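Chain by chain, the residues:
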Amino acid sequence: MKAYENNLDVFESIFKRSVKHQYVHEPFEPNKALVIGDVDNLAKLNAFIGEYSADCQSFQYNDSFSWDELKSKIDEWQPDLILIQRQLGIPNKDLIFSVGPILETITQVCKMPVLVLPDELDNFVIDSVGIGFDHQIDNSLLINKALLLKNKLKHITLIHVEDESIFKYYMGAIEKIPGINTEFAETNIKETILELSADFFNGVADKLNNDKLKTTIHCEFGEIVSCYEKLIKEHNIDLLVFEAEDDSKMAMHSLGHSLTIQFPNVATLLV
Amino acid sequence: MILLNSIHTDVSMGVTFLFLGLLVLMVLALALEEKIHAHKSVITGVAAVFALILGQATGIFSSIDSHGSHMPFFVKFIDWGVIAIILGSSIFIDITSKSGIFSWLAIKLTKMTKGDPFKLLIYYSIMTVVFSALLNNVTAMLIIGSLTVVSLSNLKKLSLLLGFLICEGLLTNIGGLLTLISSVPNIIVGNTAGISFASFFVISAPYVLVATTGTIFLAGKLFKISPLKTDQEKADAALLITNFDENAGVESKSFFKLGWFVFISFILVLAMTDLIPYIQDLGIGFVAMAFGILMMIKIKNKTETTYKAIDWDLLFFFAFLFVVIGVMEYAQVLHLIGGGVVQLIDLGDTAGPIALLWASSIASSVTDNIPLAAMLAKTMGNLPEFAQNFWWAVIYGANLGGNITPIGSASTVVAVTIIAKNNLKLSFVGFIVKAVPFAFFQLVLASGYVYLIGLLN
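The listed protein sequences correspond, in order, to chains A and B. All residue numbers for the first sequence refer to numbering that gives the first Met the number 0, where the first residue is 0 and numbers rise by one. All residue numbers for the second sequence refer to numbering that gives the first Met the number 0, where the first residue is 0 and numbers rise by one.
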């Protein structure tokens, strides 16, 4: 490598570091909501969403369910929010590692946010929301959509948990490269990754605190499920908000899908 | 008819042509540097080794008296003044850039454009010229080129990147004409011609101003870089450009302030070198080294990073090149080349400088302009009195020739590297097709300007 190529890299790093993505606030309202559930749950789901949306329609699931029929309804009515019962379409509710084929298909096919509520809805109120970010840190849309259910909202936790095991795997490769100082790489990569989310989150917090919403920032390396578990308890999180699709658009591989399965007692909004 | 003065040795024409062959091989190897995968210093180093052995074998050094000197005679061929300027400036610029002043200024100006592509073109072009003039062409291209990639990417205007980078690459060679230390050919030719830092600036500034303005407008037209039209476009761009934080590259406020203070002092001292007692006798090389060493106090226990950043390839390239040129002088090769230069000088004070300017620009477009400048400076230094604008013809030709091909100057090589790094397709011929209108405009303008310098003198 020539001296100038090394310097080019130095300057590119400085300028890339100087770009701090800012939160762009754009309000969304759940004016129209579509509720999908079976005969046992439809009424309580409707009752819940009635508090947030003025115009609700229902789609009742039964044995003669037709996906085409549901898809046509969604396409024609274009709801701002879809509320769907967890594990809808699964005959055996013991199959706990599936959120249900209808929910899985809707999140891949439809562009509108999909809300999944816990089974127990008595006295359920959304006043603490956790927004989980994957690798697209500067995701203003995720925050704006999370604010769809802001009626009784008091507290927002912005969460970025970077998978420590994947990081260790990459560090294992770095350790074997003589030209890279392992300790320097480990410290700097960790710091830079966390700084990226912290910078964006601080901007979001400034805006949301002005709107009287208490905002907490949480950026760390760790084991994803246990970190979220700890945060749910710590901040009494009622609703987790995630991207519905992962970075590479692989079906059902997003952070949101895994954690929707993992935490059945917490509501999830998949955007 | 001008008669040549040079070192007089009894060298046969055959020996002179043998050394000329070696020189041509070296120049060809330098032109094909990328193809043969050899760094410049290796090419000139090998040429120096062979030239010295061949010189001893043919007896061309017989007139050199080395008695009483511990220093090998060929070490004296090296122009240590030039080496001191380049080494001192490299150290100084490397440490000063760590203070964040250049990135701070570049980002501050980027934000002032509010994301308008045409304003960005104007601001980046001016910055390229100023940075090339005050730092060096390569550093200027590195700073502005990398900023352009990041800002156009942030503004989602990467389709304009190629035009920006070509324009900036070409402007580094215009900015390289502004001061005596802006480019290596200036340093070499200016030192030989005895042009001071201040008078170099006064003579060259008007040309740089007109050439820069013309180049910007030509780039806007040819690369279709135009101002934003609708209010929505302007609002979106203004929002995206606020993402930049000029303080991101500033790690210490005290170092940042020191960086500004020392950098401005450096420029002022350089400009007034001829007026400051003691300093005037020590020269620009001393000023560059002194400021470089003083800045090292700031990193006194971390000097290894700066030593690592120094372009040792460039410094060894110079040292070996000077040895080769020294040998060529004894082999009467410079006398031979001088004959060609004399023919150009004999064309008169009007046609002569213009012919020399175009000849040097064409020569420097296909090979490194540094050996060309060094060779011509040494050759012309041996000639008797001639009009001052011949020196300027070499300076303008050697610098502007770099704008004709992608290998014509170190900064255009950097521009092409950035272009390739961003997966933009640009062949050797493709670069020439895009660059020739600019080079032609700049050379025609320079021809008129060199003629004007002749008239005013």
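Heads up, some of the hints might be wrong.
To be verified - Taking lysine-lysine and the DSSO-like style, the derived pairs with C-alpha atoms no more than 27 Å apart in a straight line are:
1. K189(A) x K433(B)
2. K75(B) x K19(A)
3. K297(B) x K175(A)
4. K252(B) x K420(B)
5. K15(A) x K34(B)
6. K301(B) x K189(A)
7. K233(B) x K206(A)
8. K75(B) x K15(A)
9. K206(A) x K110(B)
10. K118(B) x K15(A)
11. K307(B) x K175(A)
12. K299(B) x K19(A)
13. K15(A) x K113(B)
14. K19(A) x K34(B)
15. K107(B) x K19(A)
16. K256(B) x K19(A)
17. K118(B) x K189(A)
18. K43(A) x K252(B)
19. K43(A) x K110(B)
20. K189(A) x K307(B)
21. K15(A) x K256(B)
Said to hold, decoys possible - Label-pair ranges, simulated between beta-carbon atoms:
22. E4(A) x I296(B): 38 to 44 Å
23. A172(A) x D280(B): 54 to 60 Å
24. G171(A) x D235(B): 38 to 44 Å
25. A270(B) x G171(A): 50 to 56 Å
26. E163(A) x K252(B): 33 to 39 Å
Claimed, not checked - Calculated Cβ distances over 12 Å to all of chain A for the following chain B residues:
27. K34
28. Q55
29. T57
30. F101
31. S102
32. L146
33. D244
34. A247
35. G248
36. V432
If you are wondering where the hints come from, they were derived from the structure by calculation, not from laboratory data. Quick caveat: nothing in here was measured; it's all calculated off a predicted structure. We put the CB at the ideal spot given by N, CA and C, even for glycine.
Does the alpha-carbon distance linking K43(A) and K252(B) stay inside the 27 Å limit? violated, 60 Å
Take the C-alpha atoms of K206(A) and K110(B), compute the straight-line distance between them, and say whether it is at most 27 Å. holds, 22 Å
Restraint status (C-alpha distance of K75(B) to K19(A) at most 27 Å): Judged against 27 Å, a Cα distance of about 53 Å means the pair is violated.
Taken at face value, is the distance from the CA of K34(B) to the CA of K15(A) at most 27 Å? It is violated: about 32 Å lies between the C-alpha atoms, which goes past 27 Å.
Taking the Cβ atom of E4(A) and the Cβ atom of I296(B), is their distance within the range 38 to 44 Å? violated, 29 Å
Over 12 Å to the closest beta carbon of chain A is the bar; see if Q55(B) clears it. holds, 33 Å
Distal placement of G248(B) relative to chain A, Cβ over 12 Å: G248(B) is in fact no farther than 12 Å from some Cβ atom of chain A, at 4 Å.
Between the beta carbons of A172(A) and D280(B), is the distance compatible with 54 to 60 Å? holds, 57 Å
Hinted pair, alpha-carbon criterion (27 Å max): K15(A), K256(B). Please report holds or violated. Answer holds: K15(A) to K256(B) is near 23 Å, not above 27 Å.
Take a quick look at whether K15(A) and K113(B) sit within 27 Å of each other, Cα to Cα. Given that 27 Å is the threshold and the Cα spacing comes to 18 Å, the pair holds.
Below or equal to 27 Å on CA atoms is what counts here, so check K307(B) against K175(A). holds, 23 Å
Holds or violated: are the alpha carbons of K107(B) and K19(A) at most 27 Å from each other? holds, 14 Å
Consistency note: the structure conflicts with the earlier hints numbered 1, 2, 3, 4, 5, 8, 12, 14, 17, 18, 19, 22, 30, 31, 32, 33, 34, 35.
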